[in-house]
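For chain A, the structure is supplied; the task is to place chain B on it using the hints.
Chains as they are written, first to last, in the working numbering: chain A, 156 to 486; chain B, 186 to 462.
Some clues are possibly wrong.
Restraint-style ranges between C-beta atoms, simulated for each label pair [unchecked claim]:
hint : chain 1 : residue 1 : chain 2 : residue 2 : range
1    : A       : L340      : B       : V274      : 54 to 60 Å
2    : B       : F372      : A       : R446      : 46 to 52 Å
3    : A       : E184      : B       : G327      : 36 to 42 Å
4    : B       : V193      : A       : V467      : 43 to 49 Å
5    : A       : F208      : B       : L380      : 30 to 36 Å
6    : B       : P237      : A       : A384      : 53 to 59 Å
Since the hints were derived computationally from the structure, they do not count as laboratory data.
Where a beta carbon is used, it is the ideal one built from N, C-alpha and C, also for glycine.
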Amino acid sequence: MAAIATRSESKRPGSSPPDPGRFGTDRSESRRRIGGLLMASPPIIVVAVFVGFPILVAMAYSFGHIGGLNRTIATIARGQHTVDSWHKLTLGAYLDVFNDERFRHDLGVTVVVTLVSTLAVTVLAWVIAIYLRTTPEGARFRSGVAKLLSGLAVVPMFIPVVIASWAMLTFYAADGFIRSICAELGFQGPTWGYTMACVGIGLVWTHLPFATLMIASGVQSVPDSLIEAARDSGAGLLTIVRTVIAPLTLVPTVIALTFTAIGTLGAFTVPYFTGPNAPSMLGVDMVSYFRSFNRPQQSVVMAVVVFAVAAVFGAFYVWANFRSAKDSGRV
Amino acid sequence: MRRSASSVLVGVVRQVLMAIFIVALLTFIVGPLLWLAIRALATSWTYPKLLPDGWTLQWFGKVLDDPQLFSSIRLSIAFAVTTLIVSSVICLPAAYAFSRFEFPGRRVFLIGLFATNAFPKTGLYVALAALFYALNLMSTFGGVVLVHLLGTIVFMTWIPAAAFASVPRSLEEAARDAGAGRFRVFFSITLPMALPGILVALIMSFLASFDEAQGTYLVGAPTFYTMPTEMYSLVLNYPRQVAAVFSILLSVPSVVLLMLVRKHVMGGQLAEGFQIR
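So here's chain A without its partners, still in its complex pose (with noise of 0.2 Å):
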């Protein structure tokens, strides 16, 4: 896996045959790298115990094993399906969840919201990071509207997600803005609050940052001299965006894809404030399953479901790094 092949190249610790001056004797060199070991262990100890283990554990619950650090949990569930040896597996949780109509509807709509949420995002930060990229440097009037649009991009970054869901709600009700204006011109407006077209909005709304942030900072890394050969080669703007611009940042075009459609596969506080009852997205699904309707089993059945659509994503994401790679010749 590598970013930006000519970028990350230079920079890249250990990247330069080490110095036998420097590092001394081959004793100390295998100091150093026990010491480094060391010192970034705590991270990823943390990450193994608290992320990879409570997932394999629970898979294991989500299989029917409620022995060990399952019993707890095991004890106050309800509705659970059970095996009562290691090497046997049941599919019952499994199969509650996927009879539901309900799951499957939600399933469905969670895929569509993040697939559309994802895509709109990403094609508002390339109109914006594009924007950017070709605004001439004397241009006082562009400039400024250069200003103004990355400073708009990044203004949800600064508004905790829940008060953004709120702002969402109250702007899109049936007495919100959206409303109030339309009623003002003299005709009917629509009422979005609580339905999936104010999730999506809300889900737009608080992944553009990073995505404008990733994929402006990848275009304005392209160099002037391709954009200027293209563009003395008599290439219009589209034809130097689609030849030169993309091929260039696929990798943080990627970067923003994949962490916008897993944030979205997550999202909860967006879904439950914003949306409808039903259908609701699978992050609300899972939260009250487990504290609400005290059915954790099938609630992590949906979370192992969730990370399975996030698979898919990520391997789009490693698709992407390898083929930078090859195309840099590293691989």
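Okay, now just chain B, sitting in the frame of chain A:
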């Protein structure tokens, strides 16, 4: 060079489209925030008017006098500060190691840290909560801090690691040649130069903890209600204006802190920190 009529037309159309795009984006991004902020100062509101019936400051007093709401403000700050300290102790030395030492598995581990971001949040918290029952961490201060800590790990390792890596080694070597010890070099050369990146990471982490809602709700409720989780019930049980005031109070730290590092965040420290090397 004279431009033809059609190319002028294309230019005009392009500018009009751009103007529409900017107005739409402005409404989309800032509109909801303004609409909410005005509510905090409104006596009441009649649909479909665009402004409230009257103006007042009474709702601010109401929030600050409510002991439950006030305690959630204190609790949020306590969680954020604790998380930040724990996260710094755990992650900053690691960030330095990732940027300065070559050890077996360096890249695998660095990418492995991304595991926290590769799992959709709610799913991860549900899996974690199941384990927390066994470890007696449900509805405890430590449990909530752990959830918050997970939200900061990627920020606190990746961004400072990129910042440390961008300090030229030649400067450190020059200082060492001039007779400075290892710690002297670190504190007078490396750390000051990497500081903007570290600052960005610290502030992003503080805010990640301060704004975290879903995990805190799942793991901390009903014992611990921070400001964001308080919002969940607030919007149902209090007048809308109170929720608006609370929203403003909750946004203040984020806005102030991010303003401080705005230049570095926009200048690419954040994006730089997320490129895999």
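Which numbered hints are broken by the structure, listed smallest first? As far as the earlier hints go, not one is violated by this structure.
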